[in-house]
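Please model the complete structure; the sequences and the hints are all you need to start from.
Number of protein chains: 2
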Amino acid sequence: MLSHRIRYAPLKEKITDPAQAAAHIGDGTNLFISGFTAGYPKLIPRELVKRAKAGEKFKVNFYAGASTGDQVDGIMAEAGIVNWRRPYMSDRTMRELINREEILFKDDHLSSLPPLVRSGDWGKVDVAVVEVLAVTEKGHLIPTMSVGNTPTYVQQADKIILEMNDVEPPELEGIHDIFIPEDPPYRMPIPIYRASDRIGKPYIECNPDKVVAVLFSQEEDTCASFNEPDEVSLLIAEQVLDFVQHEIKMGRLPAGLPWQSGVGDVANAVLGGFMEDDFFHDLSLYSEVLQDAVLDLIDMGKVRAASGSAMTLSTKARQRFFKELYRYKEKVILRPTEISNSPEVVRRLGVLAVNTALEIDIYGQVNSTHVCGSHLMNGIGGSGDFERNGAVSFMVSPSIAKGGAISCIVPMVSHVDHSEHSVDIIVTEQGLVDTRNLTPRQVAEGVIRKCAHPEYRDLLWDYYQRALKKRGGHEPHLLDEVFKFHARFLEKGGMRL
Amino acid sequence: MLSHRIRYAPLKEKITDPAQAAAHIGDGTNLFISGFTAGYPKLIPRELVKRAKAGEKFKVNFYAGASTGDQVDGIMAEAGIVNWRRPYMSDRTMRELINREEILFKDDHLSSLPPLVRSGDWGKVDVAVVEVLAVTEKGHLIPTMSVGNTPTYVQQADKIILEMNDVEPPELEGIHDIFIPEDPPYRMPIPIYRASDRIGKPYIECNPDKVVAVLFSQEEDTCASFNEPDEVSLLIAEQVLDFVQHEIKMGRLPAGLPWQSGVGDVANAVLGGFMEDDFFHDLSLYSEVLQDAVLDLIDMGKVRAASGSAMTLSTKARQRFFKELYRYKEKVILRPTEISNSPEVVRRLGVLAVNTALEIDIYGQVNSTHVCGSHLMNGIGGSGDFERNGAVSFMVSPSIAKGGAISCIVPMVSHVDHSEHSVDIIVTEQGLVDTRNLTPRQVAEGVIRKCAHPEYRDLLWDYYQRALKKRGGHEPHLLDEVFKFHARFLEKGGMRL
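Just so you know, the sequences run in chain order V and G. Counting from 1, position 74 in the first sequence corresponds to residue 73 in numbering that gives the first Met the number 0; the numbering is continuous, with no gaps. Counting from 1, position 450 in the second sequence corresponds to residue 449 in numbering that gives the first Met the number 0; the numbering is continuous, with no gaps.
There's no promise every hint is true.
All copies of an identical chain are treated as equivalent in the list; a pair is satisfied when it fits inside any one copy or across any two copies.
Calculated pairs, DSS-like style, for lysine-lysine (alpha carbon to alpha carbon, straight line, at most 27 Å) [stated by the list, open to error]: (1) K322 - K301; (2) K322 - K200; (3) K469 - K401; (4) K483 - K468; (5) K469 - K483; (6) K123 - K248; (7) K468 - K58; (8) K200 - K52.
Read the hints as simulated data drawn from the structure, not as lab findings. Computed from a predicted model, the values in this text were never measured in an experiment.
What follows is the structure, encoded as structure tokens:
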């Protein structure tokens, strides 16, 4: 039994079963859950799905920190019980329903969401469901492997349901740093001066009178599975690291800027690159999601601090992390998304931001979210928080996808999430272009020559040359044929002529 | 004679004439000047043009704070002596040359530029030319009607040329607040907690040994000429103010958030709207360029603080401002652009950002810079600094332009500067859509019904409905006909069928 982890005795009386707890949730409930790739509740979602399968007709408006696992997004989407979902997801079924507008979805910059919730602009926070490691003597909450937006959800909730998990060891307590900034116009500076700074409390403040149910759970998050980085990811990572190293040696970039790196294989490869390298020491990460490679770097003594909003580890890495937690806890800090992604802090620290694009155009506009302009992939997540405000913003992508059927370098992206003004360095496995001191035409020449795949280079060059001659201007474009690449893909399954 | 304004005696020996001073500038010089819509030097540009007309072949790389007047951008562009120009301009001749790539231009977010210059990434700051009001006892510089990027340019310059102007009264001294933040990773919070806070010095620190020439000038900036706001601007302004007032009354927005408002008639109309209104008191402006309406609001006792990087006044307003400077100086603060546009400060203060679009699409993507995708108008300026980081971001535009030949609401914008994720409220004279809690499809329906001009509504609706049926997805688009509006305009001079 986990009841010793409830150090505030009155809450022991709230221990109940999922059915009783989920009775607080019905049709139209605004349901706000913990979770940011990890640390989401599992019992309540399953219970809700059970009720739906038993024939109950209801839908909830459902908000998390970011994506969750199949145990939440997947099964709730399939059961048809989601009306709204915000702010980011990566589940296949949910994606399909969002693209059919059967689930309503708004793609928010992650840092912008908590203040919007606090403003009441979304309506009330009816119920918050939070996965917790423990409850303190005063009834405050210790989260598990993510913080996300949970502090704001708990603060604003009418009712709170706790899912207490015993998968994570009690020693995880102390890894979190919880700070909710005052809202404007009375906000003071967020007092983070280095990635390693702790500015808050190790628990989420909670009025325990609002807790209506406590559940015990032994469910684990679906663990991430990382592939060994492929050659393309390694080539991209190598160029990013070489570039930064070169800039530091030339005196144009100071040493010691913290890194942010998006989720996925390329991101993991960038961090992996630090292992092979003997130039970078005392690394700071000021990022969103911390992945396996962070543990390796800590083991090598290369990390000064690793700050994020969540840890998403493979099963193996999780075991390792828990086993030597005392050691990793000195380096790892988990913060609310609003702080991990804060434009104020990102700009102050001078974060080197590395994020992945779906497609990049010859002038450096970036699509991170919509396939062929219309179909949502996952969402913008925190990439805009970092790309817009980082000291140097890298946008990385393989030059081709689907075995060459898709060129990730296109004449014009079919959807823009990050404008050329917010993207500094474009990298594919083919090459790198630093756009910061180039005109758009110079960017186009560079991107076509250096970043595009050789198979598509001539097609892109032909487009650009004709646009230059027929239309001219600061960013020559032929609007009547700018999406020919995409049209061919939609018609014939390939962007090639 | 103005020499009494040179309070550091050794600099009096540097008094010379424009020809001698301009001899420090030649082919390939990186020339960094003061000026942000106002406060630019006039004698050196004229001298350079004189030399060009006399047959000398040379080109400079020329950087200012933002746009300057015809006396700089206009005549230098015409004389063909500009190789590079950054970061923003609004001159007709220069625009043409930029669109022909005869002048190289990179469209920077204004807040991102000074650190880039300090990093040395642009190369050396060979010569800085600064319009000054006075020189202090230690050789520091008092700027005139703008601050822009001058503090960084002066700090980094090898040689400095001063143009001392006697058009502005000496009492202007004290209006500026100069603060250059330390660069990451050693930056501390920028200590502005309210728009009225002063955090720096009233002068630009300068090593007087770098001053190679001092010139006296009696040239005035080309003054702005403001039109009385037309009906369209008034309707837009009214809706913005009504919306904010409503949100405050509903308790969803706190009172007292500072305003930023772009340059131009709509911006002036928004500020004008405050005059008619008895809801808003104690206004704070945390903006870029302060225009005539600010003086009226101060006169009415409605302004707590007006912070910007420049004052651009009409001739009449200038006279009034200078006459009662003692009174206005209590309210007005001029800061470096890096501070006036700081993402850190904009997010902390919770700025209500109002900026003007060239065109907006049905999903809320915004084009601020490129006509029909290719031809640069002015530049993005500071709009991205404010739209991305403000508490609520308004994007405003008339629903039509050129007497109806252009619909400013289009199926897809032909260039994206601000993505839908960074734009909250869309306003035309026809109506307003708050996109913050809408899916893209709901945004499209709202924008077509409420913001589009009635003449274009059916065409847009027809496109949207067909995209919905034929393509579907989170943001339905028909890529093969998405730019038909623009194609018709380019072919026939009008977007109508």
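Here is what the structure says about each hint:
Taking CA atoms no more than 27 Å apart as the test, K322 paired with K301 passes inside one copy only; the shortest distance there is 20 Å, against 62 Å between copies. Taking the shortest alpha-carbon separations for K322 and K200, only the intra-copy value of 24 Å comes in at or below 27 Å, while the best inter-copy value is 54 Å. In the homo-oligomer, the alpha carbons of K469 and K401 lie at most 27 Å apart only across protomers (24 Å), although the nearest pairing inside one protomer, at 32 Å, exceeds that limit. In this assembly of identical chains, the alpha carbons of K483 and K468 lie at most 27 Å apart whether taken from the same copy (18 Å) or from different copies (21 Å).
Taking CA atoms no more than 27 Å apart as the test, K469 paired with K483 passes in both settings, with 17 Å inside one copy and 17 Å between copies. Taking the shortest alpha-carbon separations for K123 and K248, only the inter-copy value of 17 Å comes in at or below 27 Å, while the best intra-copy value is 53 Å. When the C-alpha separation of K468 and K58 is checked against a cutoff of 27 Å, the pair qualifies only between copies, where the shortest distance is 26 Å, while the shortest distance within a copy is 55 Å. Taking the shortest alpha-carbon separations for K200 and K52, neither the intra-copy value of 41 Å nor the inter-copy value of 68 Å comes in at or below 27 Å.
Hint 8 from the earlier list is the only one contradicted by this structure; the remaining hints agree with it.
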